[in-house]
Amino acid sequence: MNGAAHDANDEDEPSPAPLTSAVDEPRPDERHNFLTLVVYNVLMRTGWIFKTESSIMPAVLDSFELLGTPRWALAWMRGALPLLNRFGQSVPPLMMARRIKIMPRKKWAFVATTSSMTLIFAVLTAIWLVPGLIKPHTGLITWLIPLVYLILYAAFFMAVGINQLTYNTIQGKLIRVTHRGRLLMVADFIGATSAVVFAFTLLPQWLREDSADFHWIFGFSTMLFGISSLTAWILHEQPDSYEQSPQPLWKPFVTAWRTLQDDTNFRRLGIVAALFSTSLVLFPHYQALAREKLHLGFDYLMWWVVAQNIGTGLFSILTGPLADRFGNRLSLRILTLLIAAAPQLALILVQIPQTGGLAFAMVFLLVGMTPVAQKTFNNYTLEIARPADHPRYLSTLNLCMAAPIFLSPLVGGLIGLIGFHPVYHGITALLLAGALISTSLQEPRERLKTVITPGDESL
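So for the sequence shown, my numbering puts the first residue at 35; every next one is plus one.
None of these hints come from the bench; they were simulated from the model.
Just so you know, even glycine gets a beta-carbon here, dropped at the ideal spot from N, CA and C.
Some clues are possibly wrong.
Derived DEER-like restraints, expressed as beta-carbon distance ranges [what the hints assert, rightly or not]:
#1 Q295 / F234: 47 to 55 angstroms
#2 L466 / E326: 21 to 29 angstroms
#3 L448 / E99: 45 to 53 angstroms
#4 K285 / Q239: 46 to 54 angstroms
#5 T473 / I452: 49 to 57 angstroms
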């Protein structure tokens, strides 16, 4: 039965996915596509260091205090950043999963979303290029500029969410199972190294203790996002022939719920992903905690973004080969356990003022494992779902990861009411629960029959 016919029958009743593909065969033009995706990831990772959600982006909101925006309002907006982030990476991909699935060549969605990210960041950069806009004001403009920033932030992550859905679907189509960990390791290690070099070179010129040149920071990201969009054009992709009839707006949410109901192992994965993503709620508050308790300026942001990208590189070296050799389940177990150390380490370090901002960079080193973990969640999902179901499973996983983030404004309010310690301890308990549940996940590699042909290991 072909993919189109199968989908026509399964459109309303998603069947449980097999644990993995029957055969892990080489894909057409795999070497070319592997290298192209490496270049794309390196460019994107390098540009991403200048807009990290754990430090740079919330610090931008804090800088709007110069406009006259009340500090309490900026704190609320800072708490809303994870909500906007995860909403963009969950609901839009879920709504677009069918359209991505039936596209003969997914790379055109890849090109469109990467180009959209570039355009949005160009508009964001323009805020600092309008003469006299970023200075003390009174009246409506003190609220308008931060709100425009939030709107652009939300739009950017809607594009990011669909982009990541498309990227992971393309990866599942173009790169075989046992080379995806290698792709993660090579791309993230080179990308993190490149990001650190550029951060050390450029950020000291743009970050000062009491101010920052955000137009240069965001302008550089815009340039790299634009170049990365060009690499998507050169992917070699054979057309698909999947079909699925149009559906009402609410249907993707029903399908996602039924996917979780019908696939026990994927349901466990969704719970682990949801518990893991509670760590993201704290991201905007790490830099605020350090700057408030240790009295640090904007200049320390450079060390934190560098530490975060070093962490990404180190954890990709650890988990990439581990995932290819022993499976993504083992990598997930390790990552979900280690991330629980970040909140506790942050609380310890702010109690020791003499350690300063450089020691606090250890927290961001652990935060650096987050993109590696998210890719590992995606790679595990690609193994347990049929290729035709990849968009549906990936978008459902994103929805699971987004669920706790909708409580992020509440978490920000709780921090204001009861302090950092109780909230951080509570998040740590949830992260440890996720690590425990991850031990019950099935290992898809137990049913994988790998076919090795001459030259397979050349990638």
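Item to check | Hints violated by the structure (listed by number, smallest first) | outcome: 3, 5
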